[in-house]
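Going line by line, the protein sequences match chains A and B. Residue numbers for the first sequence follow our numbering, beginning at 1 and rising by one. Residue numbers for the second sequence follow our numbering, beginning at 444 and rising by one.
Worth double-checking, as some hints may not be accurate.
Simulated pairs of lysine-lysine, PhoX-like, Cα-Cα distance not exceeding 25 angstroms [claimed, not checked]:
| no. | chain 1 | residue 1 | chain 2 | residue 2 |
| --- | --- | --- | --- | --- |
| 1 | A | Lys226 | B | Lys663 |
| 2 | B | Lys572 | B | Lys562 |
| 3 | B | Lys705 | B | Lys879 |
| 4 | A | Lys92 | B | Lys562 |
| 5 | B | Lys663 | A | Lys414 |
| 6 | B | Lys859 | A | Lys220 |
| 7 | B | Lys807 | B | Lys666 |
| 8 | B | Lys530 | A | Lys203 |
| 9 | A | Lys72 | A | Lys11 |
For the record, the hints were derived by calculation from the structure and aren't laboratory data.
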Amino acid sequence: MILELGELAVKKAVAFGADEAEAFLIQGREINVRAESNVIKVATSQVRDGIGIRVFSNGGLGFASVNVFDEKKIKAAARDAVRLSKAAPRDKFNLLPEPKPIKKVSRLYDERAEGFGMDESIPLVEEILSTARGYDSRVTVRTAEFNANVGRRAVVSSRGIREEEQGSHFVYFIMGMARDGEEVSSFNYRFDSTRLVDEINVKRIALEFARSVIASLGAKRGESFKGAVILSPDAVEELMMGLIIHSINANNVQKGMSKWAGRLEERVASPLLTIEDDGLIEGGAGSLSFDREGLPPIPLPIIENGFLRTYLYNSYTARKEDRPSTGHASGGTRAVPAIGPTNLLIKSGDRTKDELISEVKRGVLVTRFSGFPKLVSGDFSGVVKGGFLIENGELTRPLIETLIAGNLFELLPKVSGLSRETERIESLVTPYIRIEDVSITGG
Amino acid sequence: MLELLEDLLSEFSGVGYGELRYHERRSANIAMRQGELETVSSTLYSGVGVRVFHRGGWGFSSTSRGDKESIKGAIYDAIRGAKAAGKQEQAKLGQANLARGRFAPRIDDPLTDHPFEEKLALVRKTEEKLRSFGFIAATACSYIENLDHKYIVTTDGARAEIIDSKPEFRLMGVAADNGERVEASEALGATGGWRDLFKREPDEMVEIVAKRASDLLQAKHPKGERATVILDPGIVGLLAHEAIGHTVEADSVLTGAITRDKIGQRVASELVTLVDSGPSQFEEHAAGILLVDDEGVITERTVIIENGILKTYLHNRETAGIFGVSSTGNARAFEYSNDPLIRMRNTYIEPGENELEEMIAEMKEGYLLKGAGGGQADANAEFMFDVQEACRIENGRMGELLRGVTICGQAFDVLKTVDAASREFRFDLGAGYCGKLQPAKVDAGGPYLRCQAIIGGRQR
Chain A
1 MILELGELAV KKAVAFGADE AEAFLIQGRE INVRAESNVI KVATSQVRDG
51 IGIRVFSNGG LGFASVNVFD EKKIKAAARD AVRLSKAAPR DKFNLLPEPK
101 PIKKVSRLYD ERAEGFGMDE SIPLVEEILS TARGYDSRVT VRTAEFNANV
151 GRRAVVSSRG IREEEQGSHF VYFIMGMARD GEEVSSFNYR FDSTRLVDEI
201 NVKRIALEFA RSVIASLGAK RGESFKGAVI LSPDAVEELM MGLIIHSINA
251 NNVQKGMSKW AGRLEERVAS PLLTIEDDGL IEGGAGSLSF DREGLPPIPL
301 PIIENGFLRT YLYNSYTARK EDRPSTGHAS GGTRAVPAIG PTNLLIKSGD
351 RTKDELISEV KRGVLVTRFS GFPKLVSGDF SGVVKGGFLI ENGELTRPLI
401 ETLIAGNLFE LLPKVSGLSR ETERIESLVT PYIRIEDVSI TGG
Chain B
444 MLELLEDLLS EFSGVGYGEL RYHERRSANI AMRQGELETV SSTLYSGVGV
494 RVFHRGGWGF SSTSRGDKES IKGAIYDAIR GAKAAGKQEQ AKLGQANLAR
544 GRFAPRIDDP LTDHPFEEKL ALVRKTEEKL RSFGFIAATA CSYIENLDHK
594 YIVTTDGARA EIIDSKPEFR LMGVAADNGE RVEASEALGA TGGWRDLFKR
644 EPDEMVEIVA KRASDLLQAK HPKGERATVI LDPGIVGLLA HEAIGHTVEA
694 DSVLTGAITR DKIGQRVASE LVTLVDSGPS QFEEHAAGIL LVDDEGVITE
744 RTVIIENGIL KTYLHNRETA GIFGVSSTGN ARAFEYSNDP LIRMRNTYIE
794 PGENELEEMI AEMKEGYLLK GAGGGQADAN AEFMFDVQEA CRIENGRMGE
844 LLRGVTICGQ AFDVLKTVDA ASREFRFDLG AGYCGKLQPA KVDAGGPYLR
894 CQAIIGGRQR
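Please model the complete structure; the sequences and the hints are all you need to start from.
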């Protein structure tokens with residue numbers, strides 16, 4: 001039914017005077033059960049509808065969206081989009097993409113998700129709470145949550161794209177801290193997601209969370225020195241991925257906002273580092289058969305043994321360079337297509353995490369990183385959360401108020417080791433990563 | 444719609460409390476980068492959020508359809524959710540000053556009086572002007588507006604119609620030289636109309652951004668140390684909101700935030716009075732203005748810390764019930780499909796009696812920190828903020844300009860070291876959003892504050 005509504009929107013937009021039109025639609029159902037302060041607090045059930053209509057008139061862009069599947073409102077949105085496009089400046093790259101063959105990715109949808117409701121979700125949140133609290137009574141759960149999402153998305157365009165896909169997604173997380181008398185530990189969280197009912201495993205995140213907050217009790221200020229840091233998979237995600245995703249986005253590259261502009265086929269990182277983007281992985285959290293514009297995502301090497309291999313494109317940025325889109329148009333129904341990765345995979349190394357630690361004379365194990373690396377310059381400076389001091393190859397004590405700072409573009413070539421163990425954080429799979437010569441400031 | 448919602452209140456029989464909130468949001472978004480129009484959009488997002496409280500559990504459901512049967516369906520789902528979650532016998536909601544009537548902030552020059560073409564032209568012109576500076580390598584300029592229309596009715600008597608209008612304008616430039624790049628930005632946000640937003644002319648913002656980017660390009664990085672610093676009003680606002688404010692949200696207190704059991708105790712220097720206010724204070728168009736919260740409660744000016752003593756937490760109706768106080772009107776939902784959470788509004792530290800010049804003149808060494816960047820903080824009030832620029836102060840005089848730094852520390856420890864606060868006051872985070880499961884439009888500010896904090900930098 002959503003394909004028909006998409007067709008209606010496209011037809012109306014063309015009738016109102018658009019040269020080309022595209023509709024992106026989402027219809028979904030979400031169950032959410034949330035515990036706060038150690039007890040189940042809220043059970044939510046929602047239905048979400050949405051359509052975003054993008055039109056081009058004489059090279060001008062217009063976009064409108066509405067969250068009601070009502071023919072009159074969709075018609076009004078189509079008219080709105082056309083009106084905006086006629087006032088917008090002409091841009092010769094404003095053209096919709098031609099259809100490409102789509103091969104469906106499997107294991108993105110589980111039929112059993114359709115019947116997954118509050119009665120199934122509540123016991124899972126109870127299990128998260130009892131596992132974390134059962135580990136140690138000093139654990140305080142601020143929020144524990146379980147989400148079950150099921151729905152479909154579709155793209156229709158006046159160029160003949162007409163695609164629809166069903167998906168299911170279960171996401172669960174826990175956050176909070178440990179409290180021992182007057183002492184409150186660092187805040188921490190864990191989360192996980194899966195596509196299939198049988199793969200839901202809430203116990204693991206609850207235990208990992210509980211262990212990490214208890215371990216961070218008794219933290220003291222660190223010292224100031226220059227040394228190695230070992231980033232946990234979470235810290236890799238928090239410190240490095242935002243910058244990498246920003247820098248390989250073709251829109252940022254073309255607009256002088258990426259330090260990696262003009263650096264294709266050059267060495268930008270240590271030879272140990274290899275990163276791929278693959279949107280076609282079966283059951284992947286970031287997998288999809290077609291992107292926000294209805295094109296298939298092409299699996300790509302991003303960095304190969306330290307060499308930058310490609311940027312990610314949607315059709316607009318691709319057209320500017322007269323090349324095909326890589327199928328990385330991203331976004332929802334309320335905004336024009338942006339660019340984003342699908343599943344990112346960082347290749348694992350040949351040592352265990354403990355071996356990485358044992359080789360460090362003086363350094364810090366970073367469990368979480370809190371800070372905002374500057375996406376253009378790569379400068380960063382932020383707080384180590386749940387960190388441990390490493391002395392002579394051993395973890396000696398937990399740290400608070402410790403800052404790490406530097407420039408990520410300068411540090412990527414200084415990656416000196418990756419662990420054999422990897423972890424999946426939503427759509428990212430990464431090992432522990434060790435980087436040398438980072439400036440560490442204690443309180 | 445209001446009559447329909449009132450009629451439907453009868454569907455809540457057998458549960459402790461029911462709430463219906465219709466929220467229609469019309470948004471416009473225009474974004475230019477590097478001479479290219481990236482976004483021009485018009486969005487209608489509307490629907491009804493339904494909440495039910497029963498034996499300590501909440502059920503929430505929402506529907507984008509405004510017809511009677513769809514809303515009834517959502518009520519049924521919410522009741523089912525509340526009954527499934529509710530297991531605490533005696534839980535009760537707290538007292539509240541419930542809103543009845545129509546509520547609208549002062550809007551001098553309605554956004555709807557300004558055609559889309561005018562807004563687009565302003566964004567294009569401003570971006571182009573910044574781009575015309577030779578050393579500016581990248582630019583971005585955007586305009587966003589959210590026009591809200593809400594009706595809230597509750598089974599215990601709230602019946603309010605609420606109008607809101609919140610525009611934002613942002614400008615960012617990157618200066619580049621020899622492979623070095625630095626970013627500078629300015630942003631405005633307001634509750635009100637077109638004129639209320641532009642407290643500063645876009646042309647002046649262009650000059651400020653260009654100059655700051657160019658100055659910072661020449662600047663060195665500071666070294667990491669514990670130092671005496673003067674924080675500008677924006678950074679003080681960020682500290683008040685991010686590092687203190689979140690630890691006094693009653694839901695956070697219940698889960699063991701550092702402020703638990705500290706009411707009546709000294710938590711800051713006596714120069715510090717910290718407030719979170721829904722109605723306007725000092726500035727009629729602060730971006731975080733909220734006249735009625737999303738539980739239909741009339742908001743108030745809530746004094747969190749008075750002369751250094753912790754006075755109260757921020758409450759919704761549920762935590763007010765638990766603590767035996769009245770709601771402070773801090774329950775907020777971003778859109779109809781979000782359930783209300785305890786959120787801040789305009790958060791600030793009250794001005795002091797010093798002049799900024801004398802605060803600088805009294806210092807042997809330290810920094811004047813300007814321009815709040817991103818920030819994060821923990822339930823133990825440990826915080827980390829980016830600031831855009833750091834000016835060295837030596838022997839009472841302004842010295843060298845240094846690159847942006849990160850400041851960190853434990854916020855209450857930092858506030859205990861405050862030894863001067865300026866008369867000058869400003870709200871400065873009007874383009875900011877607070878994120879806590881869902882966004883909320885907030886504002887924050889304060890005077891210039893002198894205190895001790897850790898600066899993280901790096902030396903070249």
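Hint check, failures only: none
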